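Below, each chain spelled out in residue letters.
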Amino acid sequence: MRPSPAVTKAATVSTDRERALRHQIEKIEKESGAKAIAVALRDVESDLALHYHADRWFHAASTIKVPILLGVFAAIDRGELLPHSRVHVRNRFLSVVENIPFRVESGRDSNSAVHNAIGKMMRVDELAYHMITTSSNLATNLLLGVIGPDAANQTLKELHLEKGIELRRGVEDELAFEKHINNMVTADGLLRILVMLAEGKAFSPGLSRRMMDILHGQEFNQGIPARLPKVARVAHKTGEISTVAHDAGVVYLPKRKPYVLVILTEWDPGVSGRSRTIAAISHTIYELLTQDPMDE
Amino acid sequence: MSASTRFAENAGMNESPTFPLRVVDGLSLPPDYRKALRPGEEWKDLNGFPRQLPRYFYEIPSWDSAMKVELATHFLLWEFIQVDVREAPPLRTFPRYVPCAITLLAVCLERFREAVGTLVHISANGGYRSPSHRFSKNATPHAWGTAANIYRIGDTYLDNRNAIERFSLIARETLPGIWTRPYGAPTGYAEDHLHLDLGYVLSVPRDVKS
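Going line by line, the protein sequences match chains U and L. For the first sequence, position 84 (counting from the first letter as 1) is numbered 844 according to my numbering, and the numbering increases by one without interruption. For the second sequence, position 32 (counting from the first letter as 1) is numbered 199 according to my numbering, and the numbering increases by one without interruption.
Treat the hints with care, since some could be wrong.
What the hints assert, rightly or not - Here are some chain U residues the structure puts well away from chain L; computed CB gaps all over 10 Å: (1) Asp-776; (2) Trp-817; (3) Pro-909; (4) Glu-959; (5) Asn-981; (6) Ala-986; (7) Leu-988; (8) Pro-989; (9) Tyr-1012.
To be verified - Below, simulated DSS-like cross-link-like pairs (lysine-lysine); rule was C-alpha separation at most 25 Å, straight line: (10) U:Lys-880 x L:Lys-211; (11) L:Lys-304 x L:Lys-211; (12) U:Lys-961 x U:Lys-1015; (13) U:Lys-1017 x U:Lys-990; (14) U:Lys-880 x L:Lys-235.
Rather than coming from a laboratory, the hints here were simulated on the basis of the structure. Since this is a predicted model, take the numbers as computed values, not measurements. Even glycine gets a Cβ: it sits at the ideal position worked out from N, Cα and C.
Just chain L, same shape as in the assembly (with noise of 0.2 Å):
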């Protein structure tokens, strides 16, 4: 982790003493906020089986602090919180909350980062994206902080077969457990990225009581 991390802007519950963001109960945010990230609820997937939302976030403060924070060595907090207009609200502008989870997603990006050996661009809308987001119909890793929708890796758009079912199978073989989109147009598919994810992880910190 650089230098330009070890900032200790409000540890909080954090332990680490070089990890820079508050973790916070979702439970504990303002109405508005509990609207949106919905933190503990259960929320159903395509299949109709209930999964348990996040209750622990990170707290972004500022958009200067998602440009310093490194997840990983080639990965920092803002390309994992890109999203556009179709985001709620109160979860576009700063402080933002991102699940705890988040920093799992990007260790395993960073293994396939060294797996492709060149750049790994995330999508608008292809890291991070809450319950509240018009995007997200049921219940999405997205929602967890555990899913990537990578468009471009070096100078390859991911937006034919070809590409998206090589890059697919190297994330596969490097990450054990990862699961991608097949290839596609129906739902549950993809043509113009390639959707990794960890599935629905929760991460709660060591120091979170309740």
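Isolated chain U (complex conformation) (with noise of 0.2 Å):
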């Protein structure tokens, strides 16, 4: 059977959409002096998704704190682990390099809540909200130490989530990254699990809103957020080191479904404009999504 017009319509409107948006980051990406970027989106409302180098791999940074975070909820389910349940507060952690000890040094980390807890315990969800809103590097050891990096790695699979995403320490591990061992992920990695979450299927309905609700207290809003209009909220996670910067999130508007969107940028150090340029991939795909398709 032929497709109508109408549908054909939809199929070329969508095509030419993806069309003018790859061209635009390409823009964005040759004005910007990044190194590499890369962009996955999923538009819940029109169905338009984009894969722009989304499957090249980058350094994880402070993203990887998503699939913790799933880890985390998957421990929960499974009853192991109660959001109340208490966690020592210290601050000492083995590498991945030898298990040489290390520490996750204060002025490094944006959070000092949970350094001052060092010595007393912190509830799971506290330490869960304040990984992901400050992205707080002890809290993320501490959790990561709770459930194990194997088991996390084993929820990803569970979840038909592992591609894409590669968990392989804690965060802060000098030894390792020195060595090359690091988390990483590719845009599409990310978008499977956001698009999860989004949809409420990671576990339950209730314990996918329990990590939406902690996404959307995210402080740093520099990245996708920062040219949407007021009215938008955004449950987002931010990640960067010296030569990556990254924001992966949920974008929610009024009158419309939401859209996922990730954004992956590889620079050499000291370059600066990277939450710009992230923002403005952002803003052209907002831009691009909210439009009203007969005005093309």
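Since each chain sits alone in its own frame, please combine them into the complex, following the hints.
Following this line, the structure appears as structure tokens:
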């Protein structure tokens, strides 16, 4: 059976939009000075999908905290942890390189609340909140210490989300970094996790919502949300080290279904304009998705 | 001992009219507690020597009572029983059980506190923890209730060689026979707290018959 003219028209519009987006992103990439940019998009409203270098691997930086969050909630789903289970706050971890101890330097961690609790205990849900909203590295390593990287990877496998995510260690493990043992992600890998969370399909609608609530609390908003209108709500996670800057999240706008967007970027150390580039790509996508197709 | 600790709940086998906690024989506890506490069992230490685990415990009926019971002038019971999610599940809810030797540790820490002249803070998982705790790899005096990990003294965090060695020396000078972990990273050393312990002391209250 031949597709109806309306369906053909919609497909054409979608292809045209995707082409236009690619063109715009290429332009931003050229002007930015970035070494590499990857974008993955899934718009639930229009079904538009974009995969721009979305299978290229990047150092995950703090975006790896999203898969770790998933691992924590998997343990909650299994009944091994409760949100109010308490965890000893101790700043001593073992590198994946020869189990050599290391600490998370408080000066390199943007969150002081967790460091202030050293010696005491914090709840799992408090640590998860700090891990995401202020990207606490100490909270991240504590949670990963409780659940274990193997269990987190097993969760990814069980949810069929392992493609595009390599969780190999905690954060701030400098010895591992020197030996190029890093957590890696692709834009598509992170996109699949966020789509599952946005659709309420990670473990249960209730647990998915709790994870989304945490992502909504993000305090670093210079990336995806920066040039969106104030009515936009973005549940997201950023990640930045000397050579990469990322943002991955779900964008909610009034009177339309959300879209999931992952922007990964790689840079030479010291190059500026990272957040501006991510915000520009996010803005371009927003404009194109909210444009009336009849205007095109 | 303050008036707040003189509530005589469940005096049980305990002769002391002022000590509020009941002594229980670990072998009489329900199976899930016996499995976690392993009362009277042998357990090998790091060097392979068998050590006998405590059999007699104080029963702590509630967090409220742990907050009230003074083991020494400046040490309340709750400070010795803070364990996290790595403790065996039955031992994370009340009633909870702590070896009777915990009172000896409290007296030592009180003496230590007098020597340092300020607050002594025991870390989470750093007081009593059971042999089933995920940190308990070999027989550790923590499972006898005779060890403490101190992470802070006054305003000083014990996370560096200078602080740990300074207070370790005070502990050894103040408390005859006390053992402290040397500063360092390998197993058997400590670099982010001061570990001190009395060894594998078993306390058997006078009125225990068996």
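Hint-by-hint comparison with the structure:
no., hint, in the structure
1, Asp-776, "53 Å, holds"
2, Trp-817, "33 Å, holds"
3, Pro-909, "16 Å, holds"
4, Glu-959, "30 Å, holds"
5, Asn-981, "32 Å, holds"
6, Ala-986, "38 Å, holds"
7, Leu-988, "38 Å, holds"
8, Pro-989, "42 Å, holds"
9, Tyr-1012, "33 Å, holds"
10, U:Lys-880 x L:Lys-211, "29 Å, violated"
11, L:Lys-304 x L:Lys-211, "10 Å, holds"
12, U:Lys-961 x U:Lys-1015, "22 Å, holds"
13, U:Lys-1017 x U:Lys-990, "17 Å, holds"
14, U:Lys-880 x L:Lys-235, "19 Å, holds"
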